[in-house]
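Read top to bottom, the protein sequences are chains A and B.
As numbered in the numbering used here, the first sequence has no gaps in its residue numbers, which increase by one up to the final residue, 195.
As numbered in the numbering used here, the second sequence has no gaps in its residue numbers, which increase by one up to the final residue, 1194.
Honestly, I wouldn't trust all of these hints.
[As the list claims (entries may be wrong)] Only part of the chain A face toward chain B is listed, based on derived beta-carbon distances under 10 Å: (1) Y79; (2) V86; (3) L87; (4) N107; (5) E151.
If you're looking for bench data, these hints aren't it; they were derived computationally from the structure.
Where is the CB? At the ideal position from N, CA and C, for every residue including glycine.
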Amino acid sequence: MVFLVLADAVAARLAIVTGIKPDVFLAATVFTVLYRGHAPAVLTGFLLGLCADLLQPTVFGANALRLATVGYVLGWLHGRFNEDMPHVQAGMLVAASCLGILIMGLEALAVSSVSFGYSWRVAVMPPADALAGVPVIVLLAQILRRPDGTS
Amino acid sequence: MTVREFLRVHQATVRYLGCAAVSVGLLSVSSAETVQAFRSIAAYFLGLTQQPVHRVVAYPSDIAGRLMAAVYATDENERLRDLAKRMHVYKIRAEQLEQDHARMRAVLGTRPTGMGRLLNARVQRREPHQWFNTLIIARGKRDGIVPDAPVLTDRCMESVQIIGRIWSVEEETARVLLITDPLSGIPVGIAGKTAQGVLLGNGTPEPTIEYLLPESDVAPGDRVVTVTLPPGIMTGNLDVGSVVSVELSPRTGFKSARVTLAGNISVLDHVLVLVP
């Protein structure tokens, strides 16, 4: 969790320099989907979403619901692909991004909050930002590598 | 299938439903003050760790920024050099304008009350063998020049000095008779004194004042000015020069004084004509 917070700080700095801000929390959720399984992905997404809600100026609970949903929906795909393949990771990230956009749109419709317009813009991740999360997944896979060589 | 088995099989769905319920609950009940309080606490603790990270990440980006700035520095340097050159030219022009402005202010400031209009005239022609006699200016009747109008110079910045008067006028030109010409004779007096005489040219840069009464108190260094004549032939109080020497002529019985001119009559590129 501390690593993700620090990585989010780095991503925020990179966003200033490059204009692309990888969604670290979404990438971590996708990593959990790929390497840990369905049920852990839901819980991890929910906790990371709460953390993102604390750090970002979104309506509290919006990111939690978004990432938990991403973990649940994409969790059905766990074990169906070779998770070490970069294009699989990139595809999952783009799919997660699109799903996140859908969820945030539904949240915006359901909760007619003024600040939701802002959170909508903040939370929606364009494809470039989504693809920028691939290094995060690779890094997490390296850090959380198990003794038997699997992540 | 027991409840325990159902929960184990559908563990992900159950977890998701629970998480979604909590999220929707947070979305429904969370007030801005509470959320802001949680965020402040989180920002307080996270700020301690994020600051060094920001600093470390910013360092290479700053270096990259400086390198990019160095790349553009050459072009910027060229632009600034050109700008500096242009500014230097503007500065020189401004200084010239300031000098012209100061000179014209001095001319206007020293113009006596009741004097006519000062007309600037370019010296069009000056014959070498008549250097101290006459010259031709590029102003004439069309510009309002009239015969006997005083001709002045402002080479000395403090005041204007008389150097001659209009002799003849054409439509676009006029001939000036310099006060150093032997034919020239203008009434002059000593500033601050009652002595008066006639300034006669002698073909040299130092004309003489003739017909000074023997008892007149004239001494070297006295300032010589023009004297007003009733028909308006000559305007008074125009600076002529200063007395160099005084001597008594035994033949005529009058004193004569040699005068050094205030205006530089040798170098004349333009003059001022006092027109009514």
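Now the hints, each set against the structure:
1. Y79: Violated: closest Cβ of chain B sits about 15 Å from Y79 of chain A, beyond 10 Å.
2. V86: holds (4 Å)
3. L87: For L87 of chain A, the interface hint holds, since the closest Cβ of chain B sits about 6 Å away, which is under 10 Å.
4. N107: Check passed: Cβ of N107 of chain A comes within 9 Å of chain B, closer than 10 Å.
5. E151: For E151 of chain A, the interface hint holds, since the closest Cβ of chain B sits about 7 Å away, which is under 10 Å.
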